[in-house]
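Asks: In this text, residue positions in the sequence shown follow this note's numbering: the first is 12, and each later residue adds one.
Keep in mind the hints are simulated off the structure, nothing from the lab.
Hints may contain errors.
Unchecked claim - In silico DSS-like pairs for lysine-lysine, Cα to Cα no more than 27 Å straight-line:
| hint | residue 1 | residue 2 |
| --- | --- | --- |
| 1 | K122 | K102 |
| 2 | K40 | K62 |
| 3 | K14 | K40 |
| 4 | K99 | K14 |
| 5 | K102 | K14 |
| 6 | K122 | K40 |
| 7 | K102 | K117 |
| 8 | K40 | K117 |
| 9 | K116 | K62 |
| 10 | K116 | K99 |
| 11 | K99 | K40 |
| 12 | K14 | K62 |
| 13 | K40 | K102 |
| 14 | K99 | K62 |
| 15 | K102 | K116 |
| 16 | K122 | K99 |
Claimed, not checked - With beta-carbon atoms standing in for the labels, derived distance ranges:
| hint | residue 1 | residue 2 | range |
| --- | --- | --- | --- |
| 17 | R72 | D101 | 21 to 27 Å |
| 18 | D48 | E85 | 20 to 26 Å |
| 19 | L28 | L125 | 17 to 23 Å |
| 20 | T90 | E56 | 31 to 37 Å |
| 21 | W106 | G34 | 18 to 24 Å |
Heads up, the beta-carbon is just placed ideally off N, CA and C, and yes, glycines get one too.
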Amino acid sequence: MPKSAPRPCTYPGCGVLVRDGSGRCDQHKRVEARARDARRGSSSERGYSYKWQQAREGFLRAHPLCVRHEVRGEVVAATVVDHITPHKGDKALFWQRSNWQPLCKKCHDVKTVLEDGGLGRSLPDSAVPALISR
Numbered sequence: 012m013p014k015s016a017p018r019p020c021t022y023p024g025c026g027v028l029v030r031d032g033s034g035r036c037d038q039h040k041r042v043e044a045r046a047r048d049a050r051r052g053s054s055s056e057r058g059y060s061y062k063w064q065q066a067r068e069g070f071l072r073a074h075p076l077c078v079r080h081e082v083r084g085e086v087v088a089a090t091v092v093d094h095i096t097p098h099k100g101d102k103a104l105f106w107q108r109s110n111w112q113p114l115c116k117k118c119h120d121v122k123t124v125l126e127d128g129g130l131g132r133s134l135p136d137s138a139v140p141a142l143i144s145r
């Protein structure tokens, strides 16, 4: 299959040629990732404190299996406490245990990407079937 011609990085003032579909050179991909992380804040700033770690561990002890696998009759250990409805900073919703579900990391990652494009990034519709079938 023929490859497309390289194009200049889309970062203002950068002329490095790139071949991938992102439009940014490696240096400017890292710059954008750091800026995105800075906007998100630290895990503690988002509510994932020591108190959360204790609550998470207790919840996973009481609910050790991934609910998505369990409904299919599969036994897979849960490693993530997922907020069924994203809390988006709402502390009451964050701590509402009825809004928690145990998931394995893979199921949580797929859910996150399907819901919000993966930590705020947009997701092309063409990628959804591949994620669901994993």
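Asks: Now tell me if each hint is right for this structure.
Replies: Right, here's what the structure says about each hint:
A threshold of 27 Å between alpha carbons decides the hint, and for K122 with K102 the separation of about 21 Å falls inside it, so the pair holds. For the suggested pair K40 and K62, the alpha carbons sit about 34 Å apart, so the restraint of at most 27 Å is broken. With a C-alpha separation of about 21 Å, the suggested pair K14 and K40 falls inside the 27 Å cut-off, and the hint holds. Distance restraint check for K99 and K14: the Cα-Cα separation of roughly 41 Å exceeds the 27 Å cut-off, and the hinted pair is therefore not satisfied.
Between the alpha carbons of K102 and K14 the distance comes to roughly 49 Å, so the proposed pair goes past 27 Å and is violated. Restraint check for K122 and K40: the C-alpha separation of about 24 Å stays at or below 27 Å, so the hint holds. The hinted pair formed by K102 and K117 meets the criterion: a straight-line CA distance of about 26 Å does not exceed 27 Å. Restraint check for K40 and K117: satisfied, since their Cα atoms lie roughly 24 Å apart, inside the 27 Å limit.
Using a Cα cut-off of 27 Å, the hinted pair K116 and K62 holds, with the two alpha carbons roughly 21 Å apart. Between K116 and K99 the CA atoms are separated by roughly 20 Å; this keeps the pair inside 27 Å, and the hint holds. Restraint check for K99 and K40: the C-alpha separation of about 25 Å stays at or below 27 Å, so the hint holds. Distance check on the hinted pair: K14 and K62 sit about 51 Å apart at the alpha-carbon level, beyond 27 Å; violated.
Between K40 and K102, the direct Cα distance comes to roughly 32 Å. Violation of the 27 Å bound is thereby established for this hinted pair. For the hint pairing K99 with K62, the CA-to-CA distance comes to about 18 Å; that is within 27 Å, so the pair holds. Distance check on the hinted pair: K102 and K116 sit about 23 Å apart at the alpha-carbon level, within 27 Å; holds. With a C-alpha separation of about 15 Å, the suggested pair K122 and K99 falls inside the 27 Å cut-off, and the hint holds.
For the hinted restraint 21 to 27 Å between R72 and D101, the CB-CB distance of approximately 26 Å keeps it satisfied. Remark: the range hint 20 to 26 Å for D48 to E85 is contradicted by a beta-carbon distance near 34 Å. As the Cβ distance of L28 to L125 is approximately 33 Å, the hint placing it in 17 to 23 Å is violated. Taking 31 to 37 Å as the suggested C-beta distance range, the pair T90 and E56 does not conform, at roughly 23 Å.
Between W106 and G34 the beta carbon distance is about 40 Å. The supplied range of 18 to 24 Å is therefore violated.
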